[in-house]
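Number of protein chains: 2
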Amino acid sequence: MEKLKRIQLKDVEITHGFWANRQKINRDITIYAVRDRFEDTGRFKAFDFGYTPENGEIKPHFFWDSDIAKWIESASFIIEKTPNAELQSKIEEIINKIEEHQDENGYFNIYHTVVEPDNRFKDRSHHELYCLGHLIEAAVAYYNATGKDRFINILDKFIDHVIKVFTEEMSSAFSTPGHEEIELALYRLYEVRPDEKYIKLAEFFLNERGKEGDGVYGWDNEAYNQSHKPVREQFEALGHCVRANYLYAGMADEARNAEDEKMFEACKALFDDMANKKMYISGGIGSTHHGEAFTIPYDLPNDSAYAETCASISLAMFSNRLKDLDINSKYADMVERQIYNGIISGISLDGKSFFYENPLEINLSDRRRHTSVNHSDRLPITQRLEVFDCSCCPPNVTRLIANIGEYIYSYDDNRIFVHQYIGSTAVFDGSQIDTETEYPADGKIKITVANAKNKRLYLRIPSWCESFKINAGYNMYNGYAEIEINSDMFEISLELEIRPVLIAASPKVRADAGAAAVMMGPILYCAEGIDNDFDLWDAKINQSTEIKAEYSESFYSNTLRCEISLTDEESIKALYLPLKNVKTKPGTLKLIPYFGFANRGESDMRVWFKLIK
Amino acid sequence: MEKLKRIQLKDVEITHGFWANRQKINRDITIYAVRDRFEDTGRFKAFDFGYTPENGEIKPHFFWDSDIAKWIESASFIIEKTPNAELQSKIEEIINKIEEHQDENGYFNIYHTVVEPDNRFKDRSHHELYCLGHLIEAAVAYYNATGKDRFINILDKFIDHVIKVFTEEMSSAFSTPGHEEIELALYRLYEVRPDEKYIKLAEFFLNERGKEGDGVYGWDNEAYNQSHKPVREQFEALGHCVRANYLYAGMADEARNAEDEKMFEACKALFDDMANKKMYISGGIGSTHHGEAFTIPYDLPNDSAYAETCASISLAMFSNRLKDLDINSKYADMVERQIYNGIISGISLDGKSFFYENPLEINLSDRRRHTSVNHSDRLPITQRLEVFDCSCCPPNVTRLIANIGEYIYSYDDNRIFVHQYIGSTAVFDGSQIDTETEYPADGKIKITVANAKNKRLYLRIPSWCESFKINAGYNMYNGYAEIEINSDMFEISLELEIRPVLIAASPKVRADAGAAAVMMGPILYCAEGIDNDFDLWDAKINQSTEIKAEYSESFYSNTLRCEISLTDEESIKALYLPLKNVKTKPGTLKLIPYFGFANRGESDMRVWFKLIK
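Protein sequences, first through last, are from chains U and F.
In short: position in the first sequence from 1, add 618, done, that's the working numbering.
In short: position in the second sequence from 1, add 618, done, that's the working numbering.
To be clear, the hints were calculated from the coordinates, so they are not data collected in a lab.
Keep in mind that a hint or two might mislead.
Copies of the same chain look alike in the list, so a pair counts if it fits in one copy or across any two.
Said to hold, decoys possible - Using 25 Å as the maximum straight-line C-alpha spacing, the simulated SDA-like pairs for lysine to any residue come out as follows: (1) Lys895 - Lys1228; (2) Lys1201 - Ser1183; (3) Lys1201 - Arg1117; (4) Lys1071 - Asp995; (5) Lys1228 - Pro915; (6) Lys1201 - Glu1164; (7) Lys970 - Ile1148; (8) Lys1201 - Glu1181; (9) Lys699 - Arg624; (10) Lys1201 - Glu877; (11) Lys1191 - Tyr1095; (12) Lys715 - Phe1152; (13) Lys1062 - Ser1172; (14) Lys847 - Ala887; (15) Lys1198 - Lys1231; (16) Lys1201 - Pro915; (17) Lys1191 - Leu943.
Model the full assembly from the supplied sequences, consistent with the hints where possible.
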């Protein structure tokens, strides 16, 4: 097992290009948009603990603590880079309220104080430990941003209470969280405050899981929340996708921390199971809304895809940990697939609204197919919303964008890895590394490394890339181009050939049989009805067609056009007719980046297109 | 409007070929299989009126009268051709019980006598008038079979009661049936007992429909049971398919009887709407189980197709009426599509079990896709059952097969129409007509007409037929070959070219985009997993492929083989990969008649195949 060091957010500045643009929108608009909707919906007010059954105030949900925690974490990431008194004061206000309403014994949870105070740690389907996990992540981010450890201290007291209740008194009604998250959070906390008790508690939750037989609730299946087996025996990704990947991220942390090879093997198998059998081309995971869960391998229907934004984020988090334990570009490839597709499809281009589900096909006619009975099929919504009842995704995508810097590099004493190509300046381990690029709008990347002579530089060659140039000698090493850094001010140019490519799915994927999608570099493309005045399902792409790209400022990347074959409806004389009587006509298909769909009103949308020839 | 006369069952003997075989199974096996299951489930016993809430007997359902009525009708059709004391005695036994338990005022309904006696004609969603309709059809069939009119007399008394309650006292809680059927039954009764009161009652129900504003129940939509508009203003097929087509059949009867052109126009528009926009290639109608209803035009998903057997039967009944009012082969083409596909897929080859729903695609993996939550998607069953809780289809398919003779010919003073090619001898209107053929296993048809000199013979040329030969001069007339009968013993040979053909759907049908089905003559084909050891969805048919046919005794028609292209899985190195890296390999697809699917155990099944070239 490798143990590359992940760079910290403080080590890196995103200076230009795709992500600088995204971070600006995140910093200027999204963080306030999420805050305002959380104000509107009573989530911030809930920290006043004013709710009583009688007084008509909005009843808090048992996951509201986590929504605000993720917002604090996002805001902390932002103020770490761009000091902002308004945001900081809001965070302090919340910390004050947490301190004020924390139980003497350290316990803190809004719902289980104002609604069900007598049922603390009695219902595994409630999210007390999950909320604590997110509060811990928020406290760590706030500490990193400000150096202030008051929030951590408050939570340390709560953690002590959890240790007592779960590991000493064993007085809780369950022994492991119903929704994982606290495991990875405890490792995160340990990074800034290396107290072994945090590791011990994380290990307790990891090691108890799958033993306790209390996994069954709600969906009546222990696999739903990964309680069906001990974690080291889990090799198939099952159940609720976000729970699963938060758990797997914690497992990866433990594998690294304890050098636990069995845990590491499980992590690698779980990653491969998702990457090779259970992932949409967008990176989306979880093909059913029932339980927001994984289904069977290759079961990836496009129109009913759940593909939750948070699930993509959680898989990026898990992958980002594995990239440092196992030198193989597939992990950073996965991060790339997520951050350019399934994660940012979750947020509108203007940064104000969000998808919880990210379908790969929209047929508006489906929405009103039941004309003569009172029924609607359950399908994903077609337009982003500013807030959801269960609004986990908005603050999650906000924190991911604010924290994208953490995904770029890792290193050890002799090696520097470039996992993502993002215009940035980073300083770590005595070196400075600058990346200059407009990637993924084009494939030219210039990297300058100062003060790292005699180390080796590893540049990820994305698996989608069929041709690249490096202006130096290199060896390929598990998907990375390995280059000797032979000067104190080392400059290197990488040029990845980025051109539109037709992509097929494994023939095991029934939903995509006989069809192809279009990708250009890491970006998946889709067509919308708004750009194409024909039925999208009738568009057939010729396998040998040339697809033309054009830079678009509005998407901050390219749009595409390709020649297609359409059915000549003049030739259609009946509902069913001999195939030989069907005539075709040429047409042009306009494609936009998948992440940009549904930004111009409600429209049909399609990723997979039938082929001719 | 034309007014061709439909031949009566008594006029025709099915002597050989496909339908003689089917009728033998129907007569020897199916009629007893349905009877036995109706015995097992208490349906026959219910006619003893023994149920009380206290005594533990099976509670009758409010549609059970209709199940037994359809069985009596089927048995009557059978004994009309093949006297059978056992069946006749069973029918007499039921008639005795009906007579015994009929109310003094004429009313008869099991449920509304033993369960809810105080709620007669109070709930439009109950099926009192529907049951009466089926009892009338049964009584007419029994009268035709035996000359005994006791059953008709019993029902006449009930009809008088209905006339009083609905049209004189107006004391019912609704004015038209929630489930249509009685309308067509009253016209049927009028044929054997021409009392104008039956017509008046039918007209009352037809003319009141869509006026009364009491259509909303259950599915909360007046279109569900065709109560959204006056019938003469209905041009779009909407709502519950069986209710719709039983209504439309009654509308066609009224159009004919009253020479009502507005009604006739509505009938033609409704037929075209179904035939051109809302019908599966199998003839199935109703693409959703929600309300067993029509949806929007071209919305024809294959795996979740409802396509109820009874709906196909009801559309055949409607079409068979229209063929006599409007000389156009499309109506008999529709009957043909139904009787060789969507209707007989509803019954197993051994005649013992039944499909209620007839999907056009089965993917067994779908059935267990939810591995980690407790949920099953709602999909049609994959194997036929011997009886259902709502067991309308088994006795319906039985009566259709027993009565298939009625669909073959019609005539007027100068013309004889041959609508279906079925090996048979018929005597009507002073002429005798013999058809000798193994159709649809082959296309050779020899027809002899005795004593019809100087009339014209009209032979339907099926719309699927691209080439045919007739050994005499003819003119084409709306899809029929018109031939002068120029001798007293006129012989003519028709040879329809029957060969496998690839069929496309209109590009408006999203579910079938880029795919083709195979038909050979009127028979639709499908592939089953049991015959093909690859994923059926991966099979791609070359548009120019030769499809080979071989006669199969077990299906009493042909099976087919064609060369296909499959994905070479050796070339698949990832879940997603450049299309150009996907290699193909040749394979062979075995196809069987669609009506024969699911007769050899549970299996994947597919009708529509992707194409290459």
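Taking the hints in turn, this is what the structure says about them:
1. In this assembly of identical chains, the alpha carbons of Lys895 and Lys1228 lie at most 25 Å apart whether taken from the same copy (22 Å) or from different copies (23 Å).
2. In this homomeric assembly, Lys1201 and Ser1183 come within 25 Å of each other (Cα to Cα) both inside a single copy, at 10 Å, and across copies, at 23 Å.
3. In this homomeric assembly, Lys1201 and Arg1117 come within 25 Å of each other (Cα to Cα) only across copies, at 22 Å, whereas the closest approach inside a single copy is 31 Å.
4. For the identical chains of this complex, Lys1071 and Asp995 are neighbours neither inside a copy (61 Å) nor across copies (60 Å), given an alpha-carbon limit of 25 Å.
5. For the identical chains of this complex, Lys1228 and Pro915 are neighbours both inside a copy (22 Å) and across copies (22 Å), given an alpha-carbon limit of 25 Å.
6. Proximity of Lys1201 to Glu1164 under the C-alpha cut-off of 25 Å is found in both arrangements, the shortest distances being 22 Å within a copy and 21 Å between copies.
7. Taking the closest pair of Cα atoms, Lys970 and Ile1148 come within 25 Å of each other only inside a single copy of the chain (21 Å); across copies the shortest separation is 52 Å, beyond that limit.
8. In this homomeric assembly, Lys1201 and Glu1181 come within 25 Å of each other (Cα to Cα) both inside a single copy, at 16 Å, and across copies, at 24 Å.
9. For the homomeric pair Lys699 and Arg624, the shortest alpha-carbon distance inside one copy (18 Å) is at most 25 Å, but the shortest distance between copies (87 Å) is not.
10. For the identical chains of this complex, Lys1201 and Glu877 are neighbours neither inside a copy (64 Å) nor across copies (42 Å), given an alpha-carbon limit of 25 Å.
11. For a Cα distance limit of 25 Å, the shortest separation of Lys1191 from Tyr1095 across copies, 19 Å, qualifies, whereas the shortest one inside one copy, 59 Å, does not.
12. Taking the shortest alpha-carbon separations for Lys715 and Phe1152, neither the intra-copy value of 56 Å nor the inter-copy value of 62 Å comes in at or below 25 Å.
13. With identical chains, the CA atoms of Lys1062 and Ser1172 are at most 25 Å apart within one copy only, with a shortest distance of 21 Å there and 66 Å across copies.
14. Taking the closest pair of Cα atoms, Lys847 and Ala887 come within 25 Å of each other only inside a single copy of the chain (15 Å); across copies the shortest separation is 61 Å, beyond that limit.
15. For a Cα distance limit of 25 Å, the shortest separation of Lys1198 from Lys1231 qualifies both inside one copy, at 16 Å, and across copies, at 12 Å.
16. In this assembly of identical chains, the alpha carbons of Lys1201 and Pro915 lie at most 25 Å apart only when taken from different copies (22 Å versus 38 Å within one copy).
17. For the homomeric pair Lys1191 and Leu943, the shortest alpha-carbon distance between copies (24 Å) is at most 25 Å, but the shortest distance inside one copy (62 Å) is not.
Violated hints, listed in ascending order, are 4, 10, 12; each of the other numbered hints is respected by the structure.
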